[in-house]
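Student: Sequence:
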Amino acid sequence: MTTPAEPHVEDRASPAPRGGPARRRLRRRRDRRGVALVMVLGAITVLTVFLTELQEETSTELSAALADRDALRAEYYARSAVNLSRMLVAAEPSVSAAVGPMLSILGIKGKIQVPVWKFTDMFLGPFNAQLAAPGAETAPPPAEGSAAAGKNLGLTGGGRFELKIIDEDSKININRAADDVGGITDQLAVAGQLLSLTAAAQYNPLFEERDGDGQFSDRATICSALVDWVDPGDQAFACDMSSNAPSSTGAEDNFYQTIGLGYQRKNAPFDSLQEVRLARGMSDDFWATFVDPDPNDPDKRVLTVWGKPKQKVNVASANPQMLLALTCSPNLVEPTTTPICTDPNQMTAFLTVVSLVQSMTGGLIFPTPRDYLDAMTQKEKGGLGSMLGQQLKAMGVEAVKFKGTDREMLKLLGNETKFLSIYADGIVPGNKRETRVRIHAVLDLTGAKKLEELDPADPNSPGAGGTSTAAAAAPDAYEQTVRSNPAGTIIYYRME
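Last residue of the sequence shown? That's 496 in the UniProt record's numbering, and every number before it is there in order.
Rather than coming from a laboratory, the hints here were simulated on the basis of the structure. Honestly, I wouldn't trust all of these hints.
[What the hints assert, rightly or not] The calculated label-pair distances, taken between Cβ atoms and stated as ranges, are: (1) L356 <-> V482: 38 to 44 Å; (2) K403 <-> Q274: 31 to 37 Å; (3) L66 <-> Q235: 53 to 59 Å.
Note that CB positions come from ideal geometry on N, CA and C, so glycine has one too.
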């Protein structure tokens, strides 16, 4: 009898109980799956932020460095333009002497000062041209006889300068009222020109609104404020040109402190054109109409603070608005009985004809004061003045009757320039911007020698670069030596 066989038992380990150590390790590994990806993404995020900050900081520093570099280049382009302008001004006497005989053939007699500064593009263009093409290593071979064949010509680096030279003697010099030697005569001259400048009826709304200080100021009030600012006395000046009007209305008041401003009248000349802003009545509209109509074209400016005592208005280079203001000044004519001063149609015709002739002649419309008188009185004497007078007559402009004789009028008018403003803009183009630096320099040509009068062997000569002990010891002699520079003396310098 056989016994039943026992069941077969496989020789292998029994399965681990549910929830054993191996299962827990597997579960932990499964729970940690993706941690490395999160850490990598976090590291990438941190690095991205860091690199972005680094890039922004680096870009900012690079842009600042490029801006400083371009500003420095633009500054020196502008400085070069100022120096070139002084060289051109120093050459004016030689040019005038050479052109004089040719002008006399055309009937222009007397001492003529050719305004070479009005042709800066022609004379200084070769110094401003970029002779090498952009991106080229060197300039192309210059053509025979061209300006490019000269030395030290042209600019490199793609920059340029823009230049404007303005005659300050052709404008109304407010500081003339500060002359305590001429006294009331100079104050009346300034007042007459200011009142004539603002007298037109189309300007009436300008004086019916509040000024820059929130006050109401009429023509006479603003005129008095400008004169009282610069005159040395403490008596208020009355801008009333009638024969019986008093020159003073009493002691100057404390207007500026009354309205809360922290200054008083200066009782001294204006140091700059910007200082005129401090005077009463200088609203934005008044400034844009009479003081600085177009900042990009300073030739349209009618007022100035640079000049010499007893300054004669330069009719040879005055703009049309200034010539009209001069003609209608109560010191020269009776404005109420002079048609060109009261009739808007005649005013418009005068401004149109003068502007047209100036554009055709390069700005030289009245070479001499005699030409101006002949044109305004419409005398048929021949010459440029008479020709222009007949043109004005054909346009319906009536002849002007001046108060004084021709000889007396000629004493009040001039055709000589002693003060020049140089507006030099240095320009450096960039990728997305353009860097501009403007230098405004004022030249005083009083006492300037001619280039041919320089003696390099003389230590007192401006070209020799030295002064003698006697000149240094005597202030007057020293000033005379300094002023003898043919390129003029810089009396005002501002960089923007």
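Student: For every hint, state whether the structure bears it out.
Tutor: Outcome of the hint check:
Distance hint for L356 and V482: a CB-CB separation of about 42 Å, consistent with the stated range 38 to 44 Å. Remark: the range hint 31 to 37 Å for K403 to Q274 is upheld by a beta-carbon distance near 36 Å. A hinted range of 53 to 59 Å holds for the C-beta pair L66 and Q235, which are about 57 Å apart.
Violation of the numbered hints given earlier is absent; every hint is satisfied by the structure.
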